[in-house]
Structure formats: C-alpha cells, structure tokens
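Sequence order for the protein chains is A and B.
Here my numbering is used: position 89 in the first sequence is 102, and no number is missing along the way.
Here my numbering is used: position 212 in the second sequence is 1208, and no number is missing along the way.
Honestly, the hints are just simulated from the structure, not real lab data.
Incorrect hints may appear among the rest.
[Unchecked claim] Some chain B residues close to chain A (C-beta under 10 Å, calculated; not the full set):
hint : residue
1    : T1042
2    : A1075
3    : F1089
4    : N1097
[To be verified] Every beta carbon over 10 Å from chain B, so not counted as near; a handful from chain A, in silico:
hint : residue
5    : G81
6    : F127
7    : A130
8    : W165
9    : A188
10   : V200
11   : A202
12   : F203
13   : V205
14   : V207
15   : V278
16   : I294
17   : F304
All figures in this text were calculated on a predicted structure; none of them were measured in a lab.
Beta carbons are placed, not taken as given, at the ideal position from N, Cα and C, and that holds for glycine.
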Amino acid sequence: MSTIFGIPAPALYGQILIGLINGSFYAMLSLGLAVIFGLLRVINFTHGAQYMLGAFAAYLLLTYAGIGYWPALVLAPLLVGVVAVLIERFMLRRLYGLDPLYGLLLTFGLALIFEGAFRHWFGAAGKPYAPPAQLTGALNLGFMFMPIYRGWVVVASLFVCLGTWLLIEKTRLGAYLRAATENATLVQAFGVNVPLLLTLTYGLGAALAALAGVLAAPIYQVSPLMGTNLIIIVFAVVVVGGMGSILGAIVTGYVLGVLEGLTKVFYPEASSIVIFVIMAIVLLVRPAGLFGREE
Amino acid sequence: MSNPPFLEVRGLNAWYGESHVLHGVDLDIREGETVTLLGRNGAGKTTTLRAIMGILRRREGVIRLRGKDLLGLPLHRVAQTGIGYVPEERGIFASLNVAENLMLPPNVSDSGMSVDEIYTLFPNLHERRTSQGTKLSGGEQQMLAIARILRTGAKIILLDEPTEGLAPVIVQRIGDVLVALKKRGMTILLVEQNFRFARKVADRFYLMEDGRMVNTFPGHELDARMDELHEVLGV
Chain A
14 MSTIFGIPAP ALYGQILIGL INGSFYAMLS LGLAVIFGLL RVINFTHGAQ YMLGAFAAYL
74 LLTYAGIGYW PALVLAPLLV GVVAVLIERF MLRRLYGLDP LYGLLLTFGL ALIFEGAFRH
134 WFGAAGKPYA PPAQLTGALN LGFMFMPIYR GWVVVASLFV CLGTWLLIEK TRLGAYLRAA
194 TENATLVQAF GVNVPLLLTL TYGLGAALAA LAGVLAAPIY QVSPLMGTNL IIIVFAVVVV
254 GGMGSILGAI VTGYVLGVLE GLTKVFYPEA SSIVIFVIMA IVLLVRPAGL FGREE
Chain B
997 MSNPPFLEVR GLNAWYGESH VLHGVDLDIR EGETVTLLGR NGAGKTTTLR AIMGILRRRE
1057 GVIRLRGKDL LGLPLHRVAQ TGIGYVPEER GIFASLNVAE NLMLPPNVSD SGMSVDEIYT
1117 LFPNLHERRT SQGTKLSGGE QQMLAIARIL RTGAKIILLD EPTEGLAPVI VQRIGDVLVA
1177 LKKRGMTILL VEQNFRFARK VADRFYLMED GRMVNTFPGH ELDARMDELH EVLGV
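I would like the entire structure built from these sequences, with the hints used as guidance.
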C-alpha cells in the first residue's frame, strides 16, 4: 500500500475528503454569518439553529408530507428564510443602533428556544434522513472510493458560495448591500430602501444556513443540537477570515476544513482544537482577520 | 418673486440627541436658483442640509419641495421627490469601483444625465471606471460624488463644501461644472467657505450664526458686504 509521509494514502485522501465536506459547511455557514454581520452588525447566534431548522424542515416535509429531498432543497430555506424575516422585522429591528451585545443576546436566546423546543418535541437523538436515490452509491476515483452524496455536497456548496459571491460582487443589489455595509445612512439618503435591504439580508443569511442544513441531513443525521456543535467552529472561521469579509469566509471555510482533516491524520489529538489555535494566532498577528479590513 | 419657492424651509428646529442645534431656520430657494449658505464652522450649515435630507431625524417645522412635505417621509423616500445630496465627506464607497459608485443612487426622474454624457463631462471618471472608488484623488472623488447625483435626474442638489481641501485648478473645474449645471436649470443649495468660488456661482447668500439664519442678500452684494461678513465669519 502506498504511503505519504508514512500515512497510508487512502486514509489521507479520506480525511481530506471529510475535511472538504466539513469545510463546505463551514464555508456556507460562515458566509451567511459574514453577510449578516457586515450589514446588520448583528452577531447572529441563531445561525446554528437556523441550520438545524433547515435539516428538520427537510425531515418533517419527508415524514409528514412525503415531500422529498429535491423540493426540500428549495422549500426548507424558504420556510426558514420567512421565519428569519419575521424575526428581523419584529425583534432584531428594535435593537439596531444599540450596543451589539443586545443583538447577540437576542439571537442567542432564540437559538436556545429553537433548540430546546425541538429537543422537547423530537428528543436529542438523531433522526436518519436518507440521501436521494440518484445520489446513493460510491464513485471509484482511481485513488479512492468517494460516496456520491459527499461529492455532491462539495460541488453544491461550491456553487452556493460562488452564486452568493456573484450576487454580492456583481449585481446592483449586491452593490447596495456593499455600500450599505459601509454607510447605510447615505445609501438610504440616495433613495434605497435600506430597512427592506436589512430584512432581505437577514432572510437570505438564514436561508443559506437552512440550505446547508438540508445538505447536511443525509450526512450527519437530523438532531436538535446539530447546529450548536458546528456554530462555535463557524464563528472561529469568520474571525479567521475577517468579520464581514465574504471571500474571507468562503476561502477560510474550505481551508480550515481541510486543515482540520489533515490534523486528524497527522496528529489526531489536536484535531478538535486546531481551528481555535489558528484563530488565536491570526488574532495575534492580524486582528482584523486574514481578509478583513482594518477599521 | 411671484413664483412659490421650489424648496421652502419654515421655522426649522433640529436636535442632535438632546442638543438643540437649529433654531427656527427659514430658507427659500426658487427653481433654477443657486443659493449659498455662509457661516462659521458649527453655525449649522451642514446640519441644515442633513435636516432637509432627513438624515438628521429629530426635526420640527416645515420642509417642502415643490409643495410636497418632506418632514414626514422616511429617509429613503426623500430622494425620490427629486433631491440629491453630496455630503461633505463625499461618501465614495471603498467596496465599489468607480462605475458602481456612479450607478449606485437609484434614478429619481428620467431627466438625469446619461452615463455617456457624464463620462464626457468627467473624462477622468471614464478612464478610472474600474478602479476602487476611494483610490481616486480628492478632486476626482468630488467629481464622482456630484456626477452620481446628476445621473439620477435630481432637480435640486445639496452640495456640502465641494471645494474643501482641493487644489485651485480642481476648484476651478468644479466651478465650471456648477455653472454648466445652472445653465441646465439645476437648483443648487451650496455650503461653501470659499468666497471666490461662491461668488462665481451664487445668485443669493444666506448667512447663518448659531443655528439661525441672520441675513440674506443677493449675490452681487457680496463685495459690498465684505466687512460685515468678515465680522460674522471671523475670517
């Protein structure tokens, strides 16, 4: 069997793939967090719960309405997005202009409520969610076997990240969003409906989290606490990438996912803390993050 | 003087938090007129512009544009009545390139300048259209801040110290642009410290002190009133 640095090659490739998968979720989730933070200046602690809600929406749609994976990819983000729009309109909006701590407390409280309610209704154990029939099985890549669904997740997340990036960097709506991130008052004085832009941005960020949740359902199982475990790492990703930096969130998500995977191969003891060690180093060297602008 | 004023401000009071900063400001601008606000730093000139736009929210009194009340409108509805704002700090966005900055403000009427016309008037902006907005020189940023309002079809433009910190040759250029705008019938409310610049374009002056309008006089009286002005302005 071939080895690389004394590690069997299949084990190495396997961990790189797992790293890429985890990185896909880190990227999609930190992207939404970065967009929301950039414009609303809210540290959205509900993000993990919105990811969980997306997965549960897919599970419930299948269990109670017989609606499968493909429609759920659209419906679950839509549902969670609508809930997020209501949260922004009736709660978050009242906190703009106050200390960011209030937004953090509100979203943290909402996360606890969502997760507690779902644990009460469905228990803490994970619910299985089968991948769609078209994406079962594995692909022989020559150097390793790759489960097709996992390959799909990596490709789909790349498209989602690229699409979001294009929306923000290349469209009129994205220009409003970028400009409002810098100076919301002036953009509103030009006649742009910034309050609506804030609502849509929060809805879009939450919908992205929900989409990640649906993609995750067949891999990680659907459980009320699936977001809690992930969100702390995702916050570290956002900090490393630079608060509010879109590109930073995407690139850092994938890179840290793979680095974490590699750490599992070369020094497994450190794998659960490697991202936080990197975060600490980045904060020491570049407090604004790798892609962040100094303010 | 028979025409009703284009922009009418009556008894305008405004507050920054608890601090009362405008005290019953009255201001009339007729269509096509260029009016310049003079006053010391802190007299309330910028505040008057910000209160008219609605950026400063705590206001009382009357602000009407072409008879339409602006005071009750949410901030993003004010621009759509036909009013464009060029802030003192210029407000060029670093995360947008020059062309994106130019295209940012939504149109408020269909009588705005076309992008081609703007690039003819400001060739530098065309050359640098793919550069980051804040990479432009101060003068170019000022041109861009004015150009993006011209594109929207605004009928009145609020200009806050457009010549501040700029080289004489650029100041001259901005003066030419304002004269061209006047010829097109644009109504202009200008805040300016530079007398020589203001004399060239202003039809009328208002003099502000401590958040109040203390005097108004036509442009041609500027020279005769220099001594009085120097006393009020302390220059």
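Each hint, compared with the structure:
no., hint, result
1, T1042, "violated, 13 Å"
2, A1075, "holds, 3 Å"
3, F1089, "holds, 5 Å"
4, N1097, "holds, 8 Å"
5, G81, "holds, 40 Å"
6, F127, "holds, 32 Å"
7, A130, "holds, 36 Å"
8, W165, "holds, 33 Å"
9, A188, "violated, 5 Å"
10, V200, "violated, 7 Å"
11, A202, "violated, 5 Å"
12, F203, "violated, 4 Å"
13, V205, "violated, 6 Å"
14, V207, "violated, 6 Å"
15, V278, "holds, 39 Å"
16, I294, "holds, 27 Å"
17, F304, "holds, 12 Å"
Hint compliance for this structure: hints 1, 9, 10, 11, 12, 13 and 14 are broken, all remaining hints hold.
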